[in-house]
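Enquirer: What follows is the residue order along each chain.
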Amino acid sequence: MLGKYLENVRTNCPLVHNITNYVTVNDVANILLACGASPIMSDEPEDVEDITSICGGLNINIGTLNQSSIKGMFLAGKRANELGHKVLLDPVGAGASRLRTKTATSLMDEIKFNVIRGNISEIKTLASGSGTTKGVDADVADAVTEDNLEEAVSFAKAFAKASGAAVAITGATDLVSDGDRCFVIRNGRPEMGKITGTGCQLSGMMTAFIAANPDNELEAAAAAVCAMGLAGEIGWKNMAPSDGNSTYRNRIIDAVYHMDKDTLDQGARYEIR
Amino acid sequence: MLGKYLENVRTNCPLVHNITNYVTVNDVANILLACGASPIMSDEPEDVEDITSICGGLNINIGTLNQSSIKGMFLAGKRANELGHKVLLDPVGAGASRLRTKTATSLMDEIKFNVIRGNISEIKTLASGSGTTKGVDADVADAVTEDNLEEAVSFAKAFAKASGAAVAITGATDLVSDGDRCFVIRNGRPEMGKITGTGCQLSGMMTAFIAANPDNELEAAAAAVCAMGLAGEIGWKNMAPSDGNSTYRNRIIDAVYHMDKDTLDQGARYEIR
Amino acid sequence: MLGKYLENVRTNCPLVHNITNYVTVNDVANILLACGASPIMSDEPEDVEDITSICGGLNINIGTLNQSSIKGMFLAGKRANELGHKVLLDPVGAGASRLRTKTATSLMDEIKFNVIRGNISEIKTLASGSGTTKGVDADVADAVTEDNLEEAVSFAKAFAKASGAAVAITGATDLVSDGDRCFVIRNGRPEMGKITGTGCQLSGMMTAFIAANPDNELEAAAAAVCAMGLAGEIGWKNMAPSDGNSTYRNRIIDAVYHMDKDTLDQGARYEIR
Numbered sequence: 005m006l007g008k009y010l011e012n013v014r015t016n017c018p019l020v021h022n023i024t025n026y027v028t029v030n031d032v033a034n035i036l037l038a039c040g041a042s043p044i045m046s047d048e049p050e051d052v053e054d055i056t057s058i059c060g061g062l063n064i065n066i067g068t069l070n071q072s073s074i075k076g077m078f079l080a081g082k083r084a085n086e087l088g089h090k091v092l093l094d095p096v097g098a099g100a101s102r103l104r105t106k107t108a109t110s111l112m113d114e115i116k117f118n119v120i121r122g123n124i125s126e127i128k129t130l131a132s133g134s135g136t137t138k139g140v141d142a143d144v145a146d147a148v149t150e151d152n153l154e155e156a157v158s159f160a161k162a163f164a165k166a167s168g169a170a171v172a173i174t175g176a177t178d179l180v181s182d183g184d185r186c187f188v189i190r191n192g193r194p195e196m197g198k199i200t201g202t203g204c205q206l207s208g209m210m211t212a213f214i215a216a217n218p219d220n221e222l223e224a225a226a227a228a229v230c231a232m233g234l235a236g237e238i239g240w241k242n243m244a245p246s247d248g249n250s251t252y253r254n255r256i257i258d259a260v261y262h263m264d265k266d267t268l269d270q271g272a273r274y275e276i277r
Numbered sequence: 005m006l007g008k009y010l011e012n013v014r015t016n017c018p019l020v021h022n023i024t025n026y027v028t029v030n031d032v033a034n035i036l037l038a039c040g041a042s043p044i045m046s047d048e049p050e051d052v053e054d055i056t057s058i059c060g061g062l063n064i065n066i067g068t069l070n071q072s073s074i075k076g077m078f079l080a081g082k083r084a085n086e087l088g089h090k091v092l093l094d095p096v097g098a099g100a101s102r103l104r105t106k107t108a109t110s111l112m113d114e115i116k117f118n119v120i121r122g123n124i125s126e127i128k129t130l131a132s133g134s135g136t137t138k139g140v141d142a143d144v145a146d147a148v149t150e151d152n153l154e155e156a157v158s159f160a161k162a163f164a165k166a167s168g169a170a171v172a173i174t175g176a177t178d179l180v181s182d183g184d185r186c187f188v189i190r191n192g193r194p195e196m197g198k199i200t201g202t203g204c205q206l207s208g209m210m211t212a213f214i215a216a217n218p219d220n221e222l223e224a225a226a227a228a229v230c231a232m233g234l235a236g237e238i239g240w241k242n243m244a245p246s247d248g249n250s251t252y253r254n255r256i257i258d259a260v261y262h263m264d265k266d267t268l269d270q271g272a273r274y275e276i277r
Numbered sequence: 005m006l007g008k009y010l011e012n013v014r015t016n017c018p019l020v021h022n023i024t025n026y027v028t029v030n031d032v033a034n035i036l037l038a039c040g041a042s043p044i045m046s047d048e049p050e051d052v053e054d055i056t057s058i059c060g061g062l063n064i065n066i067g068t069l070n071q072s073s074i075k076g077m078f079l080a081g082k083r084a085n086e087l088g089h090k091v092l093l094d095p096v097g098a099g100a101s102r103l104r105t106k107t108a109t110s111l112m113d114e115i116k117f118n119v120i121r122g123n124i125s126e127i128k129t130l131a132s133g134s135g136t137t138k139g140v141d142a143d144v145a146d147a148v149t150e151d152n153l154e155e156a157v158s159f160a161k162a163f164a165k166a167s168g169a170a171v172a173i174t175g176a177t178d179l180v181s182d183g184d185r186c187f188v189i190r191n192g193r194p195e196m197g198k199i200t201g202t203g204c205q206l207s208g209m210m211t212a213f214i215a216a217n218p219d220n221e222l223e224a225a226a227a228a229v230c231a232m233g234l235a236g237e238i239g240w241k242n243m244a245p246s247d248g249n250s251t252y253r254n255r256i257i258d259a260v261y262h263m264d265k266d267t268l269d270q271g272a273r274y275e276i277r
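One line per chain: the protein sequences are A, B and C, in this order. With the first sequence counted from 1, adding 4 to any position gets you my numbering. With the second sequence counted from 1, adding 4 to any position gets you my numbering. With the third sequence counted from 1, adding 4 to any position gets you my numbering.
Hints in this document: simulated from the structure, not taken from any laboratory. Treat the hints loosely; a few may be bogus.
To be verified - No more than 20 Å apart at the CA atoms, straight line, and that leaves these computed lysine to any residue pairs for SDA-like:
{"id": "1", "chain 1": "B", "residue 1": "K106", "chain 2": "A", "residue 2": "P245"}
{"id": "2", "chain 1": "C", "residue 1": "K241", "chain 2": "C", "residue 2": "R277"}
{"id": "3", "chain 1": "B", "residue 1": "K265", "chain 2": "C", "residue 2": "D247"}
{"id": "4", "chain 1": "A", "residue 1": "K106", "chain 2": "C", "residue 2": "D269"}
{"id": "5", "chain 1": "A", "residue 1": "K75", "chain 2": "C", "residue 2": "K241"}
{"id": "6", "chain 1": "A", "residue 1": "K265", "chain 2": "B", "residue 2": "K82"}
{"id": "7", "chain 1": "B", "residue 1": "K82", "chain 2": "B", "residue 2": "G197"}
{"id": "8", "chain 1": "B", "residue 1": "K106", "chain 2": "A", "residue 2": "K265"}
{"id": "9", "chain 1": "C", "residue 1": "K265", "chain 2": "A", "residue 2": "P245"}
Said to hold, decoys possible - Residues from chain B that keep clear of chain A, each with C-beta distances beyond 10 Å, as calculated:
{"id": "10", "residue": "R104"}
{"id": "11", "residue": "A131"}
{"id": "12", "residue": "N191"}
Owing to the predicted nature of the structure, the values given are computational and were not obtained by experimental measurement. All residues carry an ideal CB built from backbone N, CA and C; glycine is no exception.
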């Protein structure tokens, strides 16, 4: 069922504007190409409005924010809103510093986001200011497990309703909700956490998915999560014994490159609550 | 015939100063090392003049330009000109935003470039302001094909004459001209377009080629184009069925690493018009 | 004997704050994850103090310094000092430009570093201002060889004493000294010099090692050097004939990912002088 949303990315080839961190930006660009989209990166305030105008979606990731790029985020976001483009927020490290928390919450105040994607600690920070973010990885105490799943689903729905955006909370179990429904997704492998930037890559790819499927944001966001997790499973099967996290990074992007509608339809593992 | 220009890079080991975008910079550094050159990156205005002074060539790529790096581009370019160093311009996204177009054309006004390398849309923007750039990829309507080859060759020659720089227009068919002659190059594979930064990598490598072959700019630039395309062909042959664009990126750089004079002599496919 | 210092990284999982260059930052992040640590990157002055406060170590690398990130280096370093966190300096390109030399020496004046890691040219620049740095690679005339080893060991000890920091001088033969003792390390392969950023990666990993082994800085720094060199040896054994420097980069990080205490104990090759 979700495979068609990937197919639409390959058919529509959306151009995605990324204001993203310099740590993982190359992988974000390559995974966008792998899924059939085109990436363009620009964070300079004088440049971002023109660039976002020619794109179908905007991915704002605060991973290595600076004063100039923060200005760029606001300008690009507002222009994208004016043009009715899809906009995604990845609040990397919200809760880890006051600047990151303030930037993420101010962006939410001034820009309408279609999707907000982060780990549970980051999203809890945005929801309540009470999250305890250990750097850019989710606090273990906050992890979504089968034991607290019901509670986590309710939290995701409530945050989506309150924020007016679909929310994607990713981790061992992923949740994607628009406030009414919540996809509970069980694709992926724990070893993906040993690669820098799988979350950033997912945010880039998810922006392409919602841009290419404008009338099905929730399903498109869920499809991106399944595609990333499934690529992690396929990539892992292609690992040689001596391969480690650096090669695994390549194999995941490679798996997205080869993924088609049927593979995603058959490999996606989710329920809707 | 072109293999000797690669050999000279390996013998002379030019140090190349890159003011380039943060998306593909790591691959630019690795391909420079692969071809026998040494990379150094610096974009801070207070730093670039010293850095470019110790280098043999300067590669200016406007892919993720900002106010500070733009200043750095002008300062470095002028110093490189004073010192008689080779300077290359990669006008990434010219035509996609006013800032990029303005920066590229101002750089051309104030700095003498030895080579300008871009896709057809970017070069048309520089030539006439009439290009229609879709982000950083060439507009399909602008593609160089066998049908419009004669016209494209004339355009390349005219632009080279008008700009005073050799021009390299890369795409499915590549053109490299100094105004009098035009290399028409047919190396490469279409899948290279699914990797971010093959153009940026080529610009870095081309700067090394012209720095190591100062009296043969046109041939050196053409040799770099052939080397990149041939590496794309060799790298493709080394692909396993599950490999995709991320691994392909590595295999291309790896192929440059192993390329020698004879391989390039035998694999280069070009005519001169 | 040195394997336990790696084991402590895997047990303690230190969070490492990196203010590092945008060329090799992705590899730095992945090698930190490979050795069992967690990376976070932040260079914005308003952000760095909060970020470094939640970390166990700070890695300052001046590879693509700019006015803003320089401010961030001083602020983060001072805060890390206040908190008693481990701080490492990688003076990339010191001697290649006045700004780099001045920044590195000013950082040494105002911040207490636990370890300074660079190539011999960079360290000689810091020691005397007389180094002749050819870009970011060590000047060949300055290389540490078996012939000048005794002299180099004395230099390393003297610099460590004068600077108050342990010093790691890396090259074909690596020296790590705290002023009294000097590890002379012979792991590694010459082909590692054909990959961009093996030095930067080592600096990131070394910061994790000293953060996870706070009472054994010298041994921990030496263990990181041995681990990196040994990974270069193991990665090389895993190379296919067509693999080059880009794939080698992945194989080295992969080798760190799989390295355990026993592998490092058995593979480390060093003497103490």
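Enquirer: Checked against the structure, which of the hints given earlier come out wrong?
Expert: 1, 2, 4, 5, 6, 7, 8 and 10
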